[in-house]
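Engineer: What follows is each chain in one-letter form.
Protein chains: 4
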Amino acid sequence: MSENKITELRQEIDGLNSEILNLLSKRAKLAKEIGGMQSSLGQSQYDPMREQEMLDAIIAKNQGPFDNATLKSLFKNIFQASMEVGKKADKPKFLTSRATREEDTVVMVGDVAIGGKHAPVLVAGPCAIESKEQVEMTAAFVAKQGVKLFRGGAFKPRTNPYSFQGYGEKAMQWARESCDKHGLQFVAEIMDGSDIGLFEEYVDMLQIGARNSQNFTLLRTVGKSRKPVLLKRGLSSTIEEWIMSAEYLLSEGNTNVVLCERGIRTYETYTRNTLDISAVALAKLETHLPVFVDSTHSGGRRDLLVPLTKAGLAAGADGIMVEVHPNPAVALSDQKQQMDFDQFTEFLNETGYHTKLSEKRNEVYGF
Amino acid sequence: MSENKITELRQEIDGLNSEILNLLSKRAKLAKEIGGMQSSLGQSQYDPMREQEMLDAIIAKNQGPFDNATLKSLFKNIFQASMEVGKKADKPKFLTSRATREEDTVVMVGDVAIGGKHAPVLVAGPCAIESKEQVEMTAAFVAKQGVKLFRGGAFKPRTNPYSFQGYGEKAMQWARESCDKHGLQFVAEIMDGSDIGLFEEYVDMLQIGARNSQNFTLLRTVGKSRKPVLLKRGLSSTIEEWIMSAEYLLSEGNTNVVLCERGIRTYETYTRNTLDISAVALAKLETHLPVFVDSTHSGGRRDLLVPLTKAGLAAGADGIMVEVHPNPAVALSDQKQQMDFDQFTEFLNETGYHTKLSEKRNEVYGF
Amino acid sequence: MSENKITELRQEIDGLNSEILNLLSKRAKLAKEIGGMQSSLGQSQYDPMREQEMLDAIIAKNQGPFDNATLKSLFKNIFQASMEVGKKADKPKFLTSRATREEDTVVMVGDVAIGGKHAPVLVAGPCAIESKEQVEMTAAFVAKQGVKLFRGGAFKPRTNPYSFQGYGEKAMQWARESCDKHGLQFVAEIMDGSDIGLFEEYVDMLQIGARNSQNFTLLRTVGKSRKPVLLKRGLSSTIEEWIMSAEYLLSEGNTNVVLCERGIRTYETYTRNTLDISAVALAKLETHLPVFVDSTHSGGRRDLLVPLTKAGLAAGADGIMVEVHPNPAVALSDQKQQMDFDQFTEFLNETGYHTKLSEKRNEVYGF
Amino acid sequence: MSENKITELRQEIDGLNSEILNLLSKRAKLAKEIGGMQSSLGQSQYDPMREQEMLDAIIAKNQGPFDNATLKSLFKNIFQASMEVGKKADKPKFLTSRATREEDTVVMVGDVAIGGKHAPVLVAGPCAIESKEQVEMTAAFVAKQGVKLFRGGAFKPRTNPYSFQGYGEKAMQWARESCDKHGLQFVAEIMDGSDIGLFEEYVDMLQIGARNSQNFTLLRTVGKSRKPVLLKRGLSSTIEEWIMSAEYLLSEGNTNVVLCERGIRTYETYTRNTLDISAVALAKLETHLPVFVDSTHSGGRRDLLVPLTKAGLAAGADGIMVEVHPNPAVALSDQKQQMDFDQFTEFLNETGYHTKLSEKRNEVYGF
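Keeping their order, the protein sequence lines are chains X, S, B and V.
According to our numbering, the stretch in the first sequence is residues 1 to 367, in order.
According to our numbering, the stretch in the second sequence is residues 1 to 367, in order.
According to our numbering, the stretch in the third sequence is residues 1 to 367, in order.
According to our numbering, the stretch in the fourth sequence is residues 1 to 367, in order.
The hints are simulated quantities; they were obtained by calculation from the structure and are not laboratory data.
Don't be surprised by glycine CBs; every beta carbon is placed ideally from N, CA and C.
Hints are not guaranteed to be accurate.
As the list claims (entries may be wrong) - Simulated restraints on C-beta separations:
#1 B/Asn62 with S/Thr269: 37 to 43 Å
#2 S/Ser131 with B/Met37: 40 to 46 Å
#3 B/Leu9 with V/Glu3: 33 to 39 Å
#4 V/Thr100 with B/Glu103: 52 to 58 Å
#5 S/Glu133 with B/Glu53: 17 to 23 Å
#6 S/Asp303 with V/Lys181: 44 to 50 Å
#7 S/Asp303 with X/Lys117: 57 to 63 Å
#8 V/Gln343 with X/Lys117: 43 to 49 Å
#9 B/Asn62 with V/Ser97: 20 to 26 Å
Stated by the list, open to error - Derived contacts from chain X toward chain B, CB cut-off under 8 Å, selection only:
#10 Ile6
#11 Gly110
#12 Gly168
Unchecked claim - Per the computed footprint, the stretches of chain X lying under chain V, defined by three or more beta-carbons under 8 Å from a beta-carbon of chain V, are:
#13 60 to 69
#14 187 to 201
#15 206 to 216
#16 246 to 258
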């Protein structure tokens, strides 16, 4: 008998569900209408004072069985969902979102195409530019191996103010010269918006480093440039924060943005950082931007460069970044993680970059 | 004009809010009624199949403007809130929750009262029991300083299987003898449910270590005992998981539970763990159980023992745990964080334990 | 002139380096000799009292320019290095280490070979065994797809003591029957050492879960069994702790151990855990054991199963574990991350498991 | 017999220890001498090429029993220790270090003294400055309660580029006016070095936010100012990185620096961040700078403001920062964590700030 009664009560609940659905839909349409009017009046759609009043009115009428906190939470959800409906109708969605742009963005750095169906590219070069000779040796070597994008730091963000901070403009001149000579695109990190002129002169792709990933002033400045940007994920940025930093760039008009996962900070100490391989896949799912993996900084260990690169590509990465130095043991920074030339050749072989290269340069792996 | 229109639409929304409230309340009452019937039939209230059917029916009727995902989420919230109403009516709340028991639980270990208005207690002793002499020396010393609870490991959980694992029963005999001689209560870690007989014979308070904080089998076994329990938070347990581990103990009938925050695992390497001082305050807010701070393991540094102890007490801790050893430099474990006797005396002075003690033993600081 | 002087002083330093080398080598040989004697006397090689005396004697003679703390640190390093030399000579190295055993260990589960050059295997099945029908349906389905290893929980570790805890022995009987019928090997989690008899009767491979990864009592018990073991990494275990947990198993004689990375706890909330892909590569480098990736628990999201599986295999994983359920929406646990049958077929296609399977069952992917 | 032999060998080792000590000391003196010469020649003391040569020479002579890796590590330690000796002699130590300056730094903000023996101060005010009225109401209220330092954001760092970003200069004018009227010192966050002129005009203390804590360009610019600075710890900065960021400020000449712990990013989700109370104590131990605790952002929950404030003060904090807003429910940011006026009064009572205040304004709690 009780079972029959349950069935009966359940039918009543089904009826109530339908009624609630009707009222919620009606409510959302009204909210959308109001939202449209507010937009045309230049008002914000979010009005916390109004929300507070509505909640107060609802609570005043509450006769149970819900407690007030539960009711507030249910209605807060309804308010937000209604507002979302309004936003979707009136406002542009996030520019980085795949919901806004379904097809993959392809970023051109010179004649090198990044993203979409293009083969994954390789960015290689020393951590820091230390001398004219060092740049030239490295550039000549990597270019011969088929690399098209050359990295090298002219301004180095260093935790310790007395550490080597980079050779600045001089370093950029050396690198520019070698890149031109060997047909390479030059990628370098910009740390200060006031240097933008300098970077537009010398550099082909601007890098925003992990420590500046939420330097919103710098993001806006670089967003106003039209140079391609390589945006590293912050040391402990969530995936959402990382994408929102890219949104800063796009919101200022620069759509040539490549995201770069470089490992996050965790409790593990065997590796310098923990490569968040899920972030690579999720960034590809949720945005239309190309995504790179910085294999060097993710692990901070030479013996991880091959497996992390392979894993990155398997997860969908559009490119890989590694550090190469003529003599890592005496480098001014990152001694333990840069590859020497022999190690780099071996790296190309083991990851398959090299083999592919000899067959079809510029087609399979994009360099 | 648009502003007038907005006011008008808002009044319509107010009306809808009231109607939605009525329907939701009606729905919740029905759900509660069904829940009661199911309980008396011995059925679970949560029926995912039924939920799925209701969601399907709602989606089938959806004509916008909400998208299906938003609707599912709104109704899932409504289902959960309704079920909560049912649960509150029919089922016991969590036994650890302050909503279940408003007044502080006072745990008695022998004649030592822990929690409530009682002064914070101090648990002191060596990391591991290493010899009859070491236990006796330490017990005699700390008892003379007014300490009432003596800690010492007989079975040691060690990461490395070849590290010193404790002297087992022999160690418990030594400690029992010294504790009896000096009027101390003996606290020791139990690692295996099958040792419960041994522990009930020798020990006054069972400790469950961080690595076993989600060893649910051990929790159930110890929950069946009536010995007081000191439950450490897991290395990376959330506050919620920690409290749920205590719920295992209470659900088996053992209400003599003291929670112990001992630092969590983070990226910081200056300290062994990161003392989560908020967890102390939140455990006091959300449960009625006493809460300790293990100052030794939280920081892993002698120079932090005083400030972490003070901070712990300021945040509301009912007790502090520290390690004391006659000669820490040659200890078999935790060399860097145990205090020697002079350091312990200084610790008592600097934290104020000692001063208070000379005035009003057993009253102000409970020892 | 100063430059010449520098060259001269550097030559003096070179001479000192050589002399220091000679003395250190001489010292290490003596330490090794003493270590051998102590071993034959049954004494521990590590004698903190003796170390303290040596440090005191050194400090007493210190006349600068090093401060005492620096000297202590330098000599502590020398002591440790000397002791290591002794250990390497006299003691077995860690049994898990590749330095102990260079070739890959191949673990046999029934007739399924795991590790070494064998194709990566797939473990599939529901999170929990919920009914005879559910097991039979799932087992029949995955076996038809070529899967050889079937997972399913009979005892479930649950944070909340009132959550569904598994159907225990009954569930194991159901699963055993279906596995026998469909030629599957049965993998299930053991939570309590006292259940070992039950598991040896019904199960082909014992799983040790993340929450028990440092339950040393359980590790020793399972180590005494000869059943193959799947050892999950702890929620926040370091790579070193994970390997040491395997060492517990090997030290008790069980060499049939497969490591399983299942994501670690980080600040990121987009994913349930953060798959530590570096850990897969490092476990392969530092141990000779096979390594699996649990794609389901690492991400906790269905949309990550394909990329995480691909990345895991690219990083060198010897197998992948996923959850499959006839109707995930109504599952008693893990509703959001289990695949239904269609999703599983698609998963096999997208990861390439399926294609390979139709060509060369049992050869390419080992199932 | 073996025991006698051990004693004999140990005496030999004691002799070797002495000889090694002599050689190491001699070596360090030479290294120091070379370091001095290099300094006067303007050369860097760290010469990785030279280190590599020395290591190569040592390895070439190695005849065991140490393996090459162990020897490299031992000698690398010796090289570093020697270099440290040189650095201590020739170079300024870190300016932030207590080894450089033993006494506490007292930072003056207007007539408010922070640090040393001065009573802990309180910084209060809204998250963001939202209107002339809101600032005036809040400033009037907190001043009446005895607060001397007023906080309020004019430029807000926001994850989402479309969120409210602050009213900029207009907000600073409103705040300046109200601060002058009520005798308050105005603290506001600077996000961009190019705004330094604006801030020097309107603001009494510059705040550097968590997201800019490693914006080295901004640190250098603010270091060139002489305005007092409140430097927040980065979202996931280590204690060492945080102190190094302060070193950037001091290295440019600005010694008026207050450190501010504001919680770090961990896996815990009950709290917005995890207050690292050990960091407060360690910053006081290792630097001579005043240290604040931001109770609002650490927990992100109103119910934690009192215990976190008490814990912060117990651990040695020189000041506390909290958010106060006339009507938090409708605030443009941080709705859930700002206090309203009644809550603030209660906060002052419960933490003891208020009681002390009525007795001895400006003496006990510095306001």
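Engineer: If a hint holds in the structure, say so; if it doesn't, say that too.
Structural biologist: For each hint, the structure was consulted:
no.	hint	verdict
1	B/Asn62 with S/Thr269: 37 to 43 Å	violated, 29 Å
2	S/Ser131 with B/Met37: 40 to 46 Å	violated, 23 Å
3	B/Leu9 with V/Glu3: 33 to 39 Å	violated, 46 Å
4	V/Thr100 with B/Glu103: 52 to 58 Å	holds, 56 Å
5	S/Glu133 with B/Glu53: 17 to 23 Å	holds, 19 Å
6	S/Asp303 with V/Lys181: 44 to 50 Å	holds, 45 Å
7	S/Asp303 with X/Lys117: 57 to 63 Å	holds, 59 Å
8	V/Gln343 with X/Lys117: 43 to 49 Å	violated, 57 Å
9	B/Asn62 with V/Ser97: 20 to 26 Å	holds, 23 Å
10	Ile6	violated, 18 Å
11	Gly110	violated, 29 Å
12	Gly168	violated, 28 Å
13	60 to 69	violated (count 0)
14	187 to 201	holds (count 4)
15	206 to 216	holds (count 5)
16	246 to 258	holds (count 3)
When the structure is compared with the earlier hints, violations turn up for hints 1, 2, 3, 8, 10, 11, 12 and 13 and for no others.
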